[in-house]
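Trainee: Chains as they are written, first to last, in my numbering: chain A, 209 to 434; chain B, 7 to 257.
Simulated from the structure, these hints should not be mistaken for lab results. Backbone N, C-alpha and C fix where the C-beta goes; we use that ideal spot for every residue, glycine too. Accuracy of the hints is not assured; some may be wrong.
So, partial list: chain B residues that the calculated Cβ filter (under 10 angstroms) puts toward chain A [unchecked claim]:
#, residue
1, 83
2, 84
3, 89
4, 93
5, 95
6, 194
7, 204
8, 208
9, 217
10, 233
Okay, the calculated bits of chain B under chain A, using three or more residues with CB under 8 angstroms as the criterion [stated by the list, open to error]:
#, region
11, 97 to 109
12, 221 to 231
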Amino acid sequence: MDFRVIADNFSFLMLQGFFGFGDFAGGTLRLALPAIVLGFLLGLLIGLARLSNSTWLRLPAKIYVEFFRGVPLVMVIFWFWFIVPALLGRSLPEYSVALTAFVVFEAAYLAEIVRAGIQSVPHGQVEAATATGLSRTPMMRYVILPQALRNMIPALVTQFIVLLKDTSLASIIGYVDLTKAAQIVNNREIRPFELYLFIAVIYWLCSYAMSRYARRWERSPGHGAV
Amino acid sequence: MPLAYCLLRKMTYQFDWSVLWSGQTGTWLLQGVLITLELSGLGWLVAIALGVVSGALRTVPVAPLRCLAAAYVEFFRNVPLLVWMFFWYFGMPPLLPTGLREWLLDHGAEFWAGVCALGVYHGARFSEVIRAGIRSIPKTQLEAALSTGLTVTQAYRLILIPIALRLIVPPATNETLNLLKNSSVALTIGVAELTFQTRQIEAYTAKAFEALAAGTVIYLALCLAIAAVMARVERRVAIPGMIAQGQSGEV
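Whenever a hint applies, use it, and build me the whole structure from the sequences.
Mentor: Given below as structure tokens:
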């Protein structure tokens, strides 16, 4: 075992692979952060649609969620990788394909979190808001969602951890994230044990720190006191 | 997808669904399904074994054992499955004795690396499910078991774990479906499972849409089938009055 390979390639692995500064359009964080934000916005719409009174909104949202939760992420990535170029007539950069696939896929899971968050708001709040004369949309916006969002935070952090780990799958289509960066270094140096252990530790540090944060938030006083 | 379908038709993409069942490619698809089931099945057995042992250890009144189990769970759960696949397939063999390594490489090392990665990763996730199951059993059960003269080991083996296993069917179903879907990650180390074969068909026939649609539908069907079977199991093993209603595993 020789861990000098890590020290020699540290800046490539971390700057290029993890953060995404460098010659390649890559980076684990550069994919994960926009994906969670955009995925949450799409998930919010789908989650609201699932709770809508109209069947025409509720049913497609349900099908969307059940479909993407029953299909492996790898499959979804390949869908976008092969079909979108066939439709557009030109190939897209890996970053766009990966980001689209992650937003579409994660939105299904985030929609369930949104739905659970909204349903966790006590029904008395709806009654109180109705009693003050608010109609459905302002009630959702000013009364229900602010409370629901607070309840969702631990689940959202957990989902972000899942997403961060899942971004490693973008390396399959050639996106240079942390995993792909380790593969590139490994092709040159042939030090698989050290390199894969190193990126395992990096992923672990991020995930573990965030899961501790989520747990502390769940336990913090005031949480759930809506 | 119908929108994509129409657009593809308009762009004179030649649909040829027969690639899915004709000759060579049909065989590939079938082999892919079988390998996916074998891989997931073996991985599931490893995961359940590791999950039951480590999940039970996390609740025992012996601190070092609790820490050991917690370390296993926290480390393996928080690292991507893909990294574990690479680690077991590329990272481990160079550390093994030459004879064993050669033997493994001749006997489908990628398949066994896939089983290890799936089993160990999902074992850590099952562990959390089983721990929650044991935690949800009233403490009086353990006390009653001990007062009838059982040792702690016997109490776990005969009372707590069997009850916990009956309580956790819904979350365990979800984890099982995750495991099945995650088995697709094994294509990265060259296991010829369903997603791998889907790509191979795409590469040989250039029929991306048909190949991917077939793979997707098969995954959905497998998930629905497992969910249906587990729903029956759930009803069969439910302990009256002890199970939370309305949490059955969705796909």
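Trainee: Determine for every hint whether it applies to the structure shown.
Mentor: Against the structure, the hints:
A distance limit of 10 angstroms between C-beta atoms decides the matter here; for residue 83 of chain B the minimum to chain A is near 8 angstroms, and the interface restraint holds. Satisfaction of the interface hint for residue 84 of chain B is found here, the shortest Cβ-Cβ separation to chain A being roughly 4 angstroms, below the 10 angstroms cut-off. Here the hint on residue 89 of chain B is kept, as its CB sits about 5 angstroms from the closest CB of chain A, short of 10 angstroms. Taking 10 angstroms as the C-beta cut-off, the interface hint given for residue 93 of chain B holds, the closest approach to chain A being about 4 angstroms.
Checking residue 95 of chain B against chain A: minimum C-beta separation of about 9 angstroms stays under 10 angstroms; hint holds. Restraint check, residue 194 of chain B versus chain A: the minimum CB separation of about 6 angstroms is within 10 angstroms; hint holds. Hint on residue 204 of chain B holds. Least Cβ distance to chain A is approximately 7 angstroms, under the 10 angstroms limit. A hinted interface residue such as residue 208 of chain B counts as satisfied when its beta carbon comes closer than 10 angstroms to some beta carbon of chain A; here the least separation is about 7 angstroms, so the hint holds.
Checking residue 217 of chain B against chain A: minimum C-beta separation of about 9 angstroms stays under 10 angstroms; hint holds. Given the 10 angstroms rule on beta carbons, the hint for residue 233 of chain B holds: about 9 angstroms separates it from the nearest Cβ of chain A. Taking a C-beta to C-beta cut-off of 8 angstroms, the region 97 to 109 of chain B contributes 4 residues in contact with chain A, enough for the three needed, and the coverage statement holds. Using a Cβ-Cβ cut-off of 8 angstroms, 6 residues of the region 221 to 231 of chain B lie near chain A, which meets the minimum of three, so the contact claim holds.
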